[in-house]
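Peer 1: What follows is each chain in one-letter form.
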Amino acid sequence: GAGVSQSPSNKVTEKGKDVELRCDPISGHTALYWYRQSLGQGLEFLIYFQGNSAPDKSGLPSDRFSAERTGGSVSTLTIQRTQQEDSAVYLCASRLTGGGNTIYFGEGSWLTVV
Amino acid sequence: DAKTTQPPSMDCAEGRAANLPCNHSTISGNEYVYWYRQIHSQGPQYIIHGLKNNETNEMASLIITEDRKSSTLILPHATLRDTAVYYCIVPFFRDDKIIFGKGTRLHILP
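Listed in order, the protein sequences are those of chains S and X.
Sequential numbering of the first sequence, starting at 1, is according to my numbering.
Sequential numbering of the second sequence, starting at 1, is according to my numbering.
By construction, these hints were calculated from the structure, which means they are not laboratory data.
A few of these clues could be false.
[As the list claims (entries may be wrong)] Distance condition first, Cα-Cα at most 27 Å in a straight line; then the derived DSS-like pairs of lysine-lysine:
(1) X:K97 to X:K52
(2) S:K57 to X:K69
(3) X:K3 to X:K52
(4) X:K102 to X:K52
(5) S:K17 to S:K57
(6) X:K3 to S:K57
(7) X:K3 to X:K69
(8) X:K102 to S:K57
(9) S:K57 to S:K11
[Unchecked claim] Chain S regions said to be covered by chain X (calculated; three or more residues, Cβ under 8 Å):
(10) 28 to 40
(11) 43 to 50
(12) 103 to 109
[To be verified] Partial pick of chain X residues on the chain S-facing surface, computed with a CB cut under 7 Å:
(13) C12
(14) R16
(15) H40
(16) P44
(17) Y46
(18) I48
(19) G50
Glycine included, C-beta positions come from ideal geometry on N, C-alpha and C.
Isolated chain S (complex conformation):
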C-alpha cells in the first residue's frame, strides 16, 4: 500500500483479555518498528524487526507482550491478559534498510483496557 497501515484503529477490551494489533508496512520495507505512547507521554520503543528477525526484544514491557513478523511483511503485536496500564496508542513504523532512509509511521492503534 501507499503507507503504513495499522488495524484496528481503535480497540476497547476488558481487563484480562488478549488483543492482537496488526501492522502492514510499506511494500518492500525491510525494517519494522513498534512503539507505545501513553496519553501525554513520549514514544516508548518496544521492538524492531529486520526482515522476520527481532534482534532485541528488551524493550517489550513484560512477558505478556510478544511480536512476530512473517514473510518479511505483516507484523502482529500481541498483548496477553491485558491490564489497564496497557491502555495507549501503539504505533508501527517501517523503512528501507540503509543509512539515509526515512522511517514512516502508521496512524496507530488506540487500545483502551476497561
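Guided by the hints, dock chain X onto chain S, whose structure is given.
Peer 2: Relative to chain S, chain X alone:
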C-alpha cells in the same frame, strides 16, 4: 546512538518563522539528522532530514552547523496547524533501536 537535546517548549506568533533548535554534539560522520512532528498523538509525520548540507522542502528548511553538532528546523510561515511536538532524532541505523526523546512542544500564537 547520538543523543539529542531540545527545549521542552517554544512559542511562535502565527505568520512568523519558527526556529526550532536541536543539539546533537555526539553525532558521528555518517549519521543523519531527522525531524518529525506529532499532532495529538497521531502517528509522527516525517518533515525533513539531512547529513551535512542544508536542506529545504515544501514543509521546512533544515540548517546544520558546519561541525554538525547542532541543527535548526525552520518553519518559514507558521500557522496554527503547525502546533505540534517536534522531534529531532539521530538514528543509529546499524542497531536500529531508534529512540525518540521528548521533543519540543511548539505553540503557535494567533
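Peer 1: Count the residues of the region 43 to 50 of chain S whose CB lies closer than 8 Å to any CB of chain X, then report whether that count reaches three.
Peer 2: With 4 residues closer than 8 Å to chain X, the region 43 to 50 of chain S meets the three-residue bar; holds.
Peer 1: At a Cβ distance under 8 Å, does chain X reach at least three residues of the region 28 to 40 of chain S?
Peer 2: That given contact holds, which follows from 5 residues of the region 28 to 40 of chain S lying within Cβ reach (below 8 Å) of chain X.
Peer 1: If you count the residues of the region 103 to 109 of chain S with a beta-carbon closer than 8 Å to a beta-carbon of chain X, do you get 3 or more?
Peer 2: holds (count 6)
Peer 1: A closest beta-carbon separation below 7 Å is what the hint needs, so does X:I48 meet it against chain S?
Peer 2: violated (10 Å)
Peer 1: Quick check on the hint: X:C12 CB to chain S CB, less than 7 Å?
Peer 2: violated (22 Å)
Peer 1: Are the Cα positions of S:K57 and X:K69 separated by 27 Å at most?
Peer 2: violated (31 Å)
Peer 1: Taking 7 Å as the limit, does the beta-carbon of X:P44 come near enough to a beta-carbon in chain S?
Peer 2: holds (5 Å)
Peer 1: Using 7 Å as the Cβ threshold, decide whether X:G50 counts as touching chain S.
Peer 2: violated (9 Å)
Peer 1: If you draw a straight line from the CA of S:K57 to the CA of S:K11, is it 27 Å or shorter?
Peer 2: Given that 27 Å is the threshold and the Cα spacing comes to 24 Å, the pair holds.
Peer 1: Just to be careful, I want the Cα atoms of X:K3 and X:K69 compared with a cutoff of 27 Å; is the pair within it?
Peer 2: holds (11 Å)
Peer 1: Check the hint pairing X:K97 with X:K52 against an upper bound of 27 Å on the C-alpha distance.
Peer 2: holds (23 Å)
Peer 1: Would you check the hint for X:K3 and X:K52, treating anything up to 27 Å between C-alpha atoms as holding?
Peer 2: holds (17 Å)
Comparing the model with each earlier hint shows violations of hints 2, 13, 14, 15, 18 and 19; every other hint is respected.
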